[in-house]
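**Student:** Since the structure of chain A is provided, determine the placement of chain B on it from the hints.
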Amino acid sequence: MAQCLAPSVQWQMRLTKNAMEPSSMTSKMWNSFSLKPSRKGALKTSTKFRICASASGTINRMEDLLNLDVSPYTDKIIAEYIWIGGSGTDVRSKSRTLSKPVEHPSELPKWNYDGSSTGQAPGEDSEVILYPQAIFKDPFRGGNNILVICDAYTPQGEPIPTNKRAKAAEIFSDSKVVAQVPWFGIEQEYTLLQPDVKWPLGWPVGGYPGPQGPYYCGAGADKSFGRDISDAHYKACLYAGINISGTNGEVMPGQWEFQVGPSVGIEAGDHIWCARYLLERITEQAGVVLTLDPKPIEGDWNGAGCHTNYSTLPMREDGGFEVIKKAILNLSLRHTEHISAYGEGNERRLTGKHETASITQFSWGVANRGCSIRVGRDTEKEGKGYLEDRRPASNMDPYTVTGLLAETTILWEPTLEAEALAAQKLALNV
Amino acid sequence: MALLNDLINLNLTDFTTKIVAEYIWIGGSGMDLRSKARTLPEPVSDPKKLPKWNYDGSSTGQAPGEDSEVIIHPQAIFKDPFRGGNNILVICDAYTPAGEPIPTNKRHAAAKIFSHPKVEKEIPWYGLEQEYTLLQKDINWPLGWPQGGFPGPQGPYYCGIGADKAFGRDIVDAHYKACLYAGINISGINGEVMPGQWEFQVGPSVGISAGDELWAARYILERITEIAGVVVSFDPKPIPGDWNGAGAHTNYSTKSMREEGGYKIIKKAIEKLGLRHKEHIAAYGEGNERRLTGRHETADINTFKWGVANRGASIRVGRDTEKEGRGYFEDRRPASNMDPYVVTSMIAETTILL
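Line by line, the protein sequences are chains A and B.
Going by this note's numbering, the residue at position 3 of the first sequence is 3; the numbering climbs one at a time, nothing skipped.
Going by this note's numbering, the residue at position 41 of the second sequence is 41; the numbering climbs one at a time, nothing skipped.
Only chain A is shown next, with the shape it has when bound in the complex (with noise of 0.2 Å):
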């Protein structure tokens, strides 16, 4: 499984362009006789004897050392720590030998890391502790390797201002919130950009794609755009054990989606995280830059955002609609909170275009995609289900945005007139 993932092998020090951009393959030049790029200096793996065999020869001894399995020599094995940066989007990971094997996060050594060199502390006090908070299998590194989600503390025990899972296990620690088992489903869209250029991958450098239409869930060199590291990364998510559902190539030609979920509570934090984490390794190893910006390419173009579905037990039971109705409630006397929550820059996404509700007014429907939130025909038709927070950016904190649905629904209350108010504009009989 720690294959590299990419079809020809990337190396990083091969500098010359990617063999992932079909950008430079016209179908003028698709039609012409040779089917394989010729393009010099691109390295993929070729039955055909080259030239410079020894470097072919000694390419598959680093992949043998990549791939090595040391278990048969060493129990030892390595887990790589990971934590969010100073910018709340930025991630980054070190890695450390453990003795043998771990199972559960309470078995690992707590570590720290240089703050001052990622924002989050001074030169002369620069430790920032790492307390381990989810484990998962190590698709890089197969065997027993794992990678670790943790968050960030003062050496007196303080989360860093960074830290945002600290507050949402706090709330979904509340027993109010623990017996309502809320449920999250979360569609994390990003954007593929050609290296050095930062310009979408597949797009013409200097140029434009055609508009948008085809692209959407589409086939073809023409239409889809990095497949390859999407597919990988959804094989990837699996083997680590995070709750991947589902993948889609989105309405902006180089975007894409995954989906992750249902999860309960705080874990839908720290796979999306890991699964994040996953991706931009993969997209390292494709030669190619990921981005979470939610409005990458101004215009006429779709912005990429983080729909959060969500669900609690009474939600999902008998007579759940109107429990949905209410939450939908709370959730319109606190749109200024959250869409302060929910990513930075959203609001050159949220215009009331491209399949988005404007940043200043909340709505919701069923089945209406331009509304903040949005219930499925089959919620609706059943009378219970979940409902979908479109509102979200791409580059939202997981742990807020979910802690902050579970506190507006679950913990807090509005005043009885303010609900009334609200649920007269909402048209909601509550």
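Treat the hints loosely; a few may be bogus.
The list that follows gives simulated cross-link-like pairs (lysine-lysine, DSBU-like), each with its CA atoms no further than 30 Å apart [to be verified]:
#	chain 1	residue 1	chain 2	residue 2
1	B	K36	B	K121
2	A	K167	B	K267
3	B	K48	A	K76
4	B	K264	A	K110
5	A	K110	B	K268
6	A	K164	A	K235
7	B	K323	A	K110
8	A	K110	B	K267
Please keep in mind that the hints were generated in silico from the structure rather than gathered at the bench.
On a predicted model such as this, the values are computed, not experimentally measured, just so you know.
**Tutor:** Chain B only, in chain A's frame:
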């Protein structure tokens, strides 16, 4: 090509008891590693059972042409991750035919210090953090940097991921597993502050084995970059300007420091180091003055200062150590091109024997 790969990976154990031993030694510059291989009739696990050998010292700047034989004494064995099977890597040190250590042999003097009864009693532990920079071949410009230009300023690269932030991870990961396989006590890796720069840590190792393990790890690293077509540099300040240098921070503790009340011993040891700052600095790596400027998480080369959790100090003591009243401390002065035999033994000498 398929044939070549099959031959490289051929498992000889089915056909013969013979093994291949790669003898490794340090060349005339004090940093260049050399090696050559020989066949042995059967597997060996004890360095003392390995035969002494010799090499042409006039080709490595270590002997005159008319009397060129330098004798290598096997000192430590590791499994060979490139040849697999029962094949081994052998760390050696170099002597004249008369049995004297040649001038570039730093291991011999270190071994003497580490076998001193006072030092042995203290069971000195070392954790060595080896930083290094990967360079594009031929142009010798850091890996991932645009030719003729510079990447965005430092910030996103420390422990970073992504094709625009991490350059050369395959080398680092292959090295990690290769070292685990070889039996080296590699304890971790991370991406460093300057893009294209990485770090691995070896330890905790006792006494002389710290040096043996670090040299073996450096050898494996350079063999892997050779495979990858990339150049590894141990220069302490590969790029001048607002770019971090490369160090080899040395974490150290003795039995007394690790026990109750150890913090007092630590402070005493740091005092002693302060009194010998110049001598240590002179032995901590060539070119270190370009790196120890007082900026980029270093202390100025002429200043000796220590602090808890302070990365701008010469010696840093961790918060855990301060809190528990015992533990270890980190000497942040050594450069990436330091000789671990020299540094580890000097720290032991200054803190235990003087």
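**Student:** Given the hinted pair A/K110 and B/K268, is their alpha-carbon gap at most 30 Å?
**Tutor:** holds, 28 Å
**Student:** Just to be careful, I want the Cα atoms of B/K264 and A/K110 compared with a cutoff of 30 Å; is the pair within it?
**Tutor:** holds, 25 Å
**Student:** Would the hint linking A/K164 and A/K235 be met if the CA-CA limit is 30 Å?
**Tutor:** Satisfied, since the Cα-Cα distance of roughly 28 Å is no more than 30 Å.
**Student:** Check whether the Cα positions of B/K323 and A/K110 lie no farther apart than 30 Å.
**Tutor:** holds, 15 Å
**Student:** For a C-alpha distance cap of 30 Å, please report whether A/K167 and B/K267 respect it.
**Tutor:** violated, 39 Å
**Student:** Quickly compare the C-alpha distance for B/K36 and B/K121 to 30 Å and report which way the hint goes.
**Tutor:** At roughly 37 Å apart (the allowed maximum being 30 Å), B/K121 and B/K36 break the hint.
**Student:** Sort out whether B/K267 lies within 30 Å of A/K110, counting only the CA atoms.
**Tutor:** Answer holds: A/K110 to B/K267 is near 25 Å, not above 30 Å.
**Student:** For the pair supplied as a hint, B/K48 and A/K76, is the alpha-carbon distance within the 30 Å limit?
**Tutor:** holds, 27 Å
Checked against the numbered hints given earlier, the structure breaks hints 1, 2 and satisfies all the rest.
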